[in-house]
Every structure is written in C-alpha cells, then in structure tokens.
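Using the sequences and the hints given, assemble the complete structure.
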Amino acid sequence: MTIRVLKPGLSTTVQDLGRYGYAHLGISPCGAADTVSLRIANLLVGNEEYAAVLEMTLLGATLEFERNTIVAISGANCACKVGQYRIPVNTSVEVPAGAVLQCGNMTGGARAYVAVRGGVDVPLVMGSASTDLRGGFGGIEGRGLRAGDVIQAGKATRSSPKHLRTGAIDGLPRSGLNRVTRGAQREWFSDDEYTKFLATSFTASEQSDRAGLRLKGGPIQPLEQKQLLTDGIPLGAVQVPQDGQPIILFVDQQTTGGYPKIASVIAADMHRIGQLRPRDEVRFAEVSVAEAIEALRAQERWLKDIWQNS
Amino acid sequence: MHYSSGDAACGQREPLMKLVAASDSSMLVLFADENAPGTQAKVLGLFHALQARHDPRIRNLHPGYVSLLVDFDPLVMTHEEVAVLVDSAADAGFDRPPDAGNIVDIPVCYGGEFGPDLSDVAAHAHLSEDEVVRIHAGGDYQVAFLGFTAGFAYLSGMPEALSMPRLATPRRAVAAGSVGIAGGQTGIYPTETPGGWRLIGRTPLRMFDPKAGQPTRVVPGDRVRFVSINSTEYERLAQERG
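Protein chains in written order, with our numbering: chain A, 1 to 310; chain B, 1 to 242.
Since the hints were made in silico from the structure, they are not lab data. Among these hints, one or two may not hold up.
Calculated Cβ distances over 10 Å to all of chain B for the following chain A residues [unchecked claim]:
1. K7
2. S11
3. R86
4. R143
5. T157
Derived BS3-like pairs (lysine-lysine); straight-line CA-CA distance at most 30 Å [as the list claims (entries may be wrong)]:
6. A:K81 - A:K7
7. B:K211 - A:K7
8. A:K162 - A:K81
9. B:K211 - A:K155
10. A:K81 - A:K155
11. A:K196 - B:K18
In this text, all values refer to a predicted model and were calculated from it rather than measured experimentally. Each residue gets a CB set at the ideal place from its N, CA and C atoms; glycine is no exception.
Right under this line is the structure:
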C-alpha cells in the first residue's frame, strides 16, 4: 500500500521510538519528539506501539492513500480532513482508496503523528526507522518529506485497532511545569542562580528544533567561566551556554557537549517538550530522582489504562 | 544525588571515581576533574567493560574526556544498580594497556584547497607549513570519544606545538573528510556540517557510512596515524571510494 505526499507540511519526518546503542559513535537517538502520542497513534490503528509513523510539525501534510486503510492522528490538533469530513485526533478512521488526508495548522501543541495500519515501511538503519536530519540517514533518505514522495505502508499485524475510553486522553497534562532533576553540573551554579533558574518564566525560541529547545529568559550564569571537558549529554539535559540562555537538549541532540548542564527534564515530561511551540512559556520545577521515576511509572500505568475493554 | 566513594556495598571504589545522577535515566561516572594522564585509559576501560556485558537495560554509553555517561531504562534499572555494575567492572580492573585498540591509518592531503587554515596554523605556531604537516602526521593519536555529529572522532595526543583556538566565526559548511584543529585537539569531519575547527587537510576516506555493519571508521580507543598524501593519491583513493 502506498501513500503519496501531495504537500509535505512544514517539517514532516518518519520517526519511531528512536535509535539506541550508538551514542558512542556520536549517533543521536532521534525518534518521536512526543513518544506518548506516537504510541497512542500506533495502538489506535492496531500496530505495535513502536511502529514507524509520520511526525508533522506546526503545519501538517497532505497525503493520498492508494487503498483502503486505517489511520489515526495523535498529538496536537491539526484540523484534519478526509475529503469534506473533519476527523478528530485520537480516533482511528477508515480512509477509502484514493482519499486525501489533509492536515492543517496545529493548535494546542507543535507536533502530530499520523499512524497508518501496518506502519510506515522504510529500511531500518542501525535498527531504527527514525530520520536523523543532522546525520542525513534513516526515514526517507535522511530528510524531511517532499511533495511527490511515495511512502510504503507495511503489512498489518493481527491485532485489531484499539479504542480510547471517553475522556481518557484528558488525563495527559499538556501545560504547566516541566519537572527536572538536578543536572550533572548543578554545582557549577550558585544556589541563588539555581533558584532563579527554577523561578524564571522562559520563552521557547523560534530557533528551536529537534536538536535543542532554545529558551529565552534569565540569563542564568555559572559561578565562574571555567571550561567543561566535553562529556556525555543525557536526553532532556538543560545546558547553559555562555550567553546564559538555556537549551533543552532534545531527540536529535549531540551526544557530547562542553557546556554545563544545570538540570535534566524527567523522562515522563519529555513528551511535553515535544509539544512546545515557539513563544510558549516554559517553567521548571525540581523533583527527586525517585519522584521522577514514579511519575514515569504512573505514565506507563496511564497508557495501559486509557483503552476500552482493557 | 551523588553516589560518592564509599556508597558501594562491596569492593574498593576506584580512587577519584565519582558517580552522579545526570538525569532520572542516566549516571555520569567521573574519573577526575582534570584531564590527567591515565584518565582516558580508565574511561575507555570502563566503556569497553560495560559494552562487553551487552546489558539490555543499558541504552547508550557516552564516553567523554574524563567521564562515561551511562544511559539506561529507568523502568527496569536503578541508579544503585548502575553503581554496582560500575564498581564490579572497576573491581575486575579496567585499566587498559595504553597500546590497546586497533591501529587505523588515515591518509590526509594537507594544505591547498583541502586545508585552507594550514598557513594560519603554521604562522600561529611559528613553523613552516611543511613542519606543521610533519608534526601532525608524526603524532600518535587515540580516539578519546565520538560526538558532535555522527562519526566525529575527538583525537587525543596532538603535539602541543600545533594548538590553536578555533575560528572566531565558524564556517557554514565544512566538507566531509576535513581534518581540523581546535585548541589542543584534532579531529576529522565525517559529513558536511557547519564547523569552527582550523582546517589543515582532508582525507579521501569515508569516515561514516550509516548503512555499513560498522558505521564509523574508528571507534573509541582506536589508535590513529595520519599519513601525508599528495593530491594525485587523494584523487585515486577518492575514486576507489566511489
């Protein structure tokens, strides 16, 4: 089954849950910016939750389907239509052969995920379908989609599409504070400066991308301008470069870096970072590592609990 | 949260080794705050010891100059379990002999269009261009780690005489294979990217091939020797590469 790209949207890439095990070769994890939405979209069409999907950013794509299939869109609202009919997010929809799915401007978030029954079928590179835009590999030729691209959908598994319980998705918070644990170089900052970091209302910069969510605000200054010997960067680390404007290192991030890291966004809140739009307010709140892991466990329980008859 | 020396339930923690939770899913193992001799062998030793375990709970290992970041799945592994694993690797002794690692020869055509900053590096070092090439190609390098972009190798062991700060304004595009200097380090750009290192030459070898079984030409711990080649040899090797 083929899908023809009529309009690519602003930045649409093939993504799955990411490429792990190659950081020592300088290779970023990539993968969906909002893995919670990717997993929900896949389960809605009866895929394995880790199947490859299309990640759309701010402005959605227009896609033509060769045959009857089932699709679902999760994440931000993007005014999707099949022909004349508006289709809601987080619902599986049967699309007839030859139909055109049109996705528009996103509201309430930055990214939406189109899952197709059978998954997007691209050759795996280092075990993953994810597009590495900086490295130029994975997905469709290592780049964002273009008009005229033809994408293959894979063979469907035997599992049937799942349906969300009414209102279940509302349990996933989309705004508010981003929880962090202390960063590896927290002690490079005075207590006053760290308190200022937690009290500051930052703004997401227009220059943000999948490699880094750039924040405006502060500035936040380390105690002294000493040089950090380049070290490994965990996903979600908040690094503070010389200009004092923090950057949340994101899925396409460098695997190593030389700026002090004041904090790290907890794994359970990374999906929120993936939905930040330019000019959104960004605030942080510190939690302990134990609280962070409990939040992740709670999110996993929530993800199991949102389905009908489950 | 710190997992400082003495936390371990058993065994003697490697002196000056410090464990810090870098996030809810990762642990930074720090060997020293300074780039002391012998530290790199310890980082690489721990990296190889943990890699050899193929522990499915560990998602990624990021070696740095004086540290190793262990990234793991926090739903199936705790920071305490990482600390125990690191300590048991240390107990087994992970000091690598300094000559461990494959030896990889990298042919480089120095200067000219491939090395637009060679004359600046020579002037900065008060040397002739030929002397810079002789010293750079005569060095004994080790891959400390890869980072910045896929396949970018940070090499330690560059002779001090060639140190030079990076460009004030980075280039918008540096060609794949370019060999550069930044401060006391030298490295090779595997793909075309923006970059601020001083470019002294270029290798015709493909340093990164995502579809190959081994995607990068060098891995952490490899020894690297630069071999000076002329432009005719460069073209011949570039054609062989295809």
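Here is how each hint holds up against the structure:
no.	hint	in the structure
1	K7	28 Å, holds
2	S11	19 Å, holds
3	R86	37 Å, holds
4	R143	13 Å, holds
5	T157	23 Å, holds
6	A:K81 - A:K7	14 Å, holds
7	B:K211 - A:K7	29 Å, holds
8	A:K162 - A:K81	21 Å, holds
9	B:K211 - A:K155	24 Å, holds
10	A:K81 - A:K155	25 Å, holds
11	A:K196 - B:K18	27 Å, holds
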